[in-house]
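Each chain, letter by letter, is given below.
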Amino acid sequence: MLGYVIRRILYTLPSLFCILVACFLLTRLSGDPVDLFLPIDASEEARQAFREQNGLDRPVVEQFFVFTERVMRGDFGNSLRFQEPAVDLLVERLPATLELALATLALSVIIGIPAGIASAYFRNSPLDFTVRGVTAFGQAVPTFYWGILSIIIFSVWLRWLPSTGSGTIWHLILPATTLASTMLALVTRVMRSTLLETIRQDYVRTARAKGLGEMAVLLHHAVRNALIPVVTIVALQFGVLMGGVIVTETVFAWPGVGRLAIQAIYARDYPVVQAVVFFFAVIFVLSNLAADLIHAVLDPRVRLR
Amino acid sequence: MKISRRTFNAALAGQALMAGILGRGSQAMALPAGTLTVAQGFDPVSLWPNFSTTQEQINVGSAIVESLFWVDPKTNKTEPVLAESFALEDPKTVKIVLRKGVKYTNGEAFNADAVVNTFKIFTDVKTTPAYGRYSAPIDRAEKVDDYTVKLYLKHPYPALHLILSQIYIVPPKYWAEAGGAEGFGKKPIGTGPYVLTEWIRDNRIVMDANPNYWGKVPEGIKKLVWRPVPDDTARTNGLLAGEYDIATNIPISAAAQIKAQKGLRVVSVPSYRIFTIGLSNLPEHPGPLHDKRVRQALNYAIDKQAILDSLLQGQGRLLSGQILRKEQIGFDPAVKDYPYDPAKAKALLAEAGFPNGLTITFKFPTGRYAQDREVAEAVAGMLAEVGVKAEMVSLEAGEFLRQLSARELAPMGFVGLAPADDPDPQWAQYRSDWRYSYLANPEIDKLIDAGAQEVDPVKRAEIYKKAAQIMHDEASVLFLYQAVDLYGVTDRVKDFLPRGDQRWTLYGMSMA
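Respectively, the protein sequence lines represent chains A and B.
Just so you know, we're using full-length UniProt numbering here: the first sequence kicks off at 1 and counts up by one.
Just so you know, we're using full-length UniProt numbering here: the second sequence kicks off at 1 and counts up by one.
Isolated chain B (complex conformation) (with noise of 0.2 Å):
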């Protein structure tokens, strides 16, 4: 066509015309002043945060219903929010000093009542499944006064923060009235920056500011809207289509265009999600992988970083030969990850019995992880070449967790674990009778139960690293690499900080 300035003016009329009838449409697509929109996977179930442990639902209940304490993640320092202080009175007694003059939104009044009652439910296996395992070394809460209450521990806890952290304080006489979890989680009370206002399910959820929040309410947020966006692909245009402040979870394949975006960036948080092979040499499982040259010879024969650069653009760090990851206690920078050689690995088949290679199952979930498909194929691909064939078992994510627990996921079986931050509750999954662990072996045993009691963060931080050189050494699982997190966070948002569970607070952040 070409084009005169009568094509060119027709043209234009029509554009206005065009966004004269659909006007509204785009107005009510711009982000308003002063909310801020975040879309996430999916929809909480309930906005209790203690209902389960999946963090987009924590990051949308803890606007509303506070804990004891929280983690800076600009400091990574356990600081103070519903409590004071905290001290241990002995090893296995704490001390908590609650704040004074708070109250909870309808009224009630926050004190050592509601902080006992909330450890009850918390303890109760059967209202708080998800958290067994936080409460397991808690006794029982007692209330000293109405500020002041004192935690019975079964044994010497190290990680006691991060059960302080984990539980959120519910008003008790509201908890009854509601009908306990189901009831509360629908309608949560809290002591939070923010009210729930409206919940439409599956739709989105909307908070205004509590005008009488104790604390500062996040400077420039006085509305919050969450929406769940299940479709990857369309989380990240409305990202780029300007809906939202904040997207979740970002294929690595949209960053760059995000970044290329005006006022949008991607921030790139280093996840706890470890990536292993499991290499099994429990007693149910025999095979050639008992053989500790074989399982050597598996990670010298794999090129990691050829991997994390391909495969993942290079979004991710690789593993230093050992499970936990260099800002943990009990890191160990001596110990180094195999080198990629092929060579080696053939000889180390050759000296165990394999000259000819061998044949193995391999199994693999599709759909779970990021890019898990293609990173198995990659790994079935270098282990070929060096006489390794790998027959590949592709699982459904819900098949593949079955599998997981119920041991099934063996010989070889590809997982990503993301337990809690702290080097018991990784170790813990290596233990020879934990119900997914795919390694037996007693040395390490001993290191693990050695090390979840030992309160001198040195002495455990030594006990960790001994464990870690003979995890090492036996190659009990094929290393692989720490995963990324990536969200589009429009420029406007300042302070986001998630830690690398997917866990994010709004103390602290703010909103041009």
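Just chain A, with the same shape it has in the complex (with noise of 0.2 Å):
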């Protein structure tokens, strides 16, 4: 098993370099930051001294050999925008993306596994058909667009819940139900499917036969079974999330990772878009080595292989 998990980590290092490699030359394919920084009618003199202070004037080879250096060090540089470490600015508006992340986990775990227990076990009953069309409309829309719907129905028509910001519970509802909306909809589909999956396999035939009750055949029988993919699923997918949380967060004025992203990115603020890129990077990739590692867990035959 150790053997496994150390194969795994090492595989996952050529990954960050590539990641490392073109997220420095991506930025630096179009725009320039002094005229983001500057008004447009800025100095000659003043556009000189911002790109000496910045490291800007020297030759693309040499800025990216400082940078890679710098990164050895978890260091990212000074922020263009802000003046001060880009790795701060992300650690500062990490909580907020993490509380929205682990909310949209929690509901899509709490409710998209029962949902799809229940519609597989109730296969073809209206039940069944409800739980297929709302998750299938679920996953059709797009995020923006659930987060544009859901404040003016509960912000606007409604005033239950405040169209944008954070602090609050309340806040947290509707960018964590519209973030929700895909990934709940997966683990249900997934849950259902796989369900439907293990109740025809011999063993829960056998276990009916055996004259255990019904609820026990199903939940300690086909349910532990059915529920391995589904953890893999939603190991995979806390990767995904961090791209919805980009739009979501915009949406909703979340003070979060995705939204200094964005605003780097317009601004071509280098050292911020870079933290940002390989941050999330580094979260699909453990993501996925967290997928690989509990599927291991749970199922032995992955470490026979």
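Please keep in mind that the hints were generated in silico from the structure rather than gathered at the bench.
No residue lacks a Cβ here, since even glycine has one placed at the ideal position from N, Cα and C.
It cannot be assumed that every hint is accurate.
[Unchecked claim] So, partial list: chain A residues that the calculated Cβ filter (under 10 Å) puts toward chain B:
#1 Leu38
#2 Gln53
#3 Glu84
#4 Ala96
#5 Val156
#6 Ser163
#7 Thr164
#8 Gly165
#9 Thr250
#10 Ala253
#11 Pro255
#12 Ile265
#13 Ala267
Bring the two chains, given one by one in their own frames, into a single complex with the hints.
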């Protein structure tokens, strides 16, 4: 098992390096931060001073080496916009994003798993059709549209919930449900389909044959086995969730990492873009790794391969 | 469903139950008395007003840190704030008399030392790069006595009031303690009507009234809350939901909905932003646009009124065939824009040697200005009618700015420029050696230089009028329109008067 874990961790290193190179080069393909940070009619002298202060006057190759060397030490440089370490800006906004991501995850699991079980158990019942309809709808509607729609309904019309911002549990409801719309649907559908498959397995029939109660058969034998792919999906989705965070945080003015990313990209704030992209990439790689490891723990057959 | 008394009562009970569960949420959203809540596009990077020229940031910071003067939007006169008066001793020496008995909220005294020190910071291009253009005419400031400062200029400068209302006076001791611009920008100390209470980045800035303010705190505004809401639609919806008193930069499409809601109004302000299409005649951009007749033809080919009416729903004003707005010194009422005349456009093109039309590259930004892409498409469509095929190149905002200032936005480029409110910064952008000028005309260059240093307003106006006539006749740009800034405001806010550069002050405002 330990060998497996180490191998999996080593596999992530090349991907991380490629991400590093990509996020350095991509940000430099278009736009010039000087135009975005100084007013358009700034003097040439001021522009030169800004370039020198931020090391933008040096050759790109040199900038890349400085950048890589710094990243090794966990330093992404100072934000051009804020003139303070990019990593600090990221860390400052991390709690808000984690709060949102965990709330989304919790919503998806707490609602999605029971809904999937019920839907599979009462297959082709009106309940099943409703769940399938709702989940298909949830997956099909784009996140930003859900966001705007829920603001109009719950904030503008009903005035039950604040439209944007963060601070109280009331502020969390709309962004979390918006972000959960796709993930909840996915969890429900995977739960339903894998359970349908397990219910037909021989060991489930055996359990029934030896006279176990219906609930015991379902929960202890069928659901337990059907949960393995669901757990993997949830772990994998945690990385995808980070992408959804960008849109949701912008619509709901949520003070998290996703919003920082968008602002930094528009402003060509290279150090912040690099820090955030790298952070998202690490989360993605780690959630993949976690999915593999969890799968290995839950399903001994994986470890043997 | 049939509505019976039973179902109706059940629905009522359900509604009450939901309201009970969520009651706290709804109460939190009612606008509290005495608190002015402002939603704008983004969070300031710094609360030091001179950190950048971004108005959203200056509006917030200037509630705490004050300037020497301000321009009253009602009268357009320069009124004293921390200064009492200023006077020219000779064309290059300005005597500024300061207000006495003013203290910063940390106890430091406001005096000539603070002003001289602030001028030093302001003219240091490394600390204050965004204001390089404003500080260029300043040589140095010297203390005469505790409440008198002399400002020496490098050359006579007609727009002096612009500089004096743009410089925000910081306390020298605290500035040093806070470690300069960065530390000060996070925790500013000023003489202003409000003090910083709380700042949670990207979430909210809260300010409370300064109990020892030397002047009068805006009536009925005891607390300020600034909320950054990046999405235009979300910001509008928050206003409609009763969460904000002021929402800035409302999309044109939402104006009608806001007007229709009781208790809300739309404040529409003619913007300083001037939209034109640059028609480069620079030597590095050879092509048909070097022919004056082609440039004139393009001006005749566009139905500008139709663009304004349909795409901008009438929210804007057409330019009068010149780059100055009618409120500015040097606006020439005799100059009128080219009328919409496609037949004349075709005739001019034929005369210039293009009877079968021509093909030209047209660059425009997408997502930088209101309706930018739509306007560009309409222009291209109208050009096609007179036989000019525009090859459209859409640019993301950041890349657009890079090309603009690298002189790559050629031969045709859609731009909206908003320099400071004075004819010199406006005209200087068309001087042939200006970084993003697409115009080479030695005659206009001479007039720009003359206007920049002419202190007599009548003579100055004449200089700019002459330049405007040349630029109109040459059709150096395709004149379009002046945009409008829209704000959604609650009825309880009084005397909210933003300027055309999105700057507004709390001075003179009040709340019922």
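Hints, one by one, checked against the model:
no.	hint	result
1	Leu38	holds (6 Å)
2	Gln53	holds (7 Å)
3	Glu84	holds (7 Å)
4	Ala96	holds (8 Å)
5	Val156	holds (5 Å)
6	Ser163	holds (4 Å)
7	Thr164	holds (5 Å)
8	Gly165	holds (6 Å)
9	Thr250	holds (5 Å)
10	Ala253	holds (4 Å)
11	Pro255	holds (4 Å)
12	Ile265	holds (8 Å)
13	Ala267	holds (8 Å)
No hint from the list above goes unmet by this structure.
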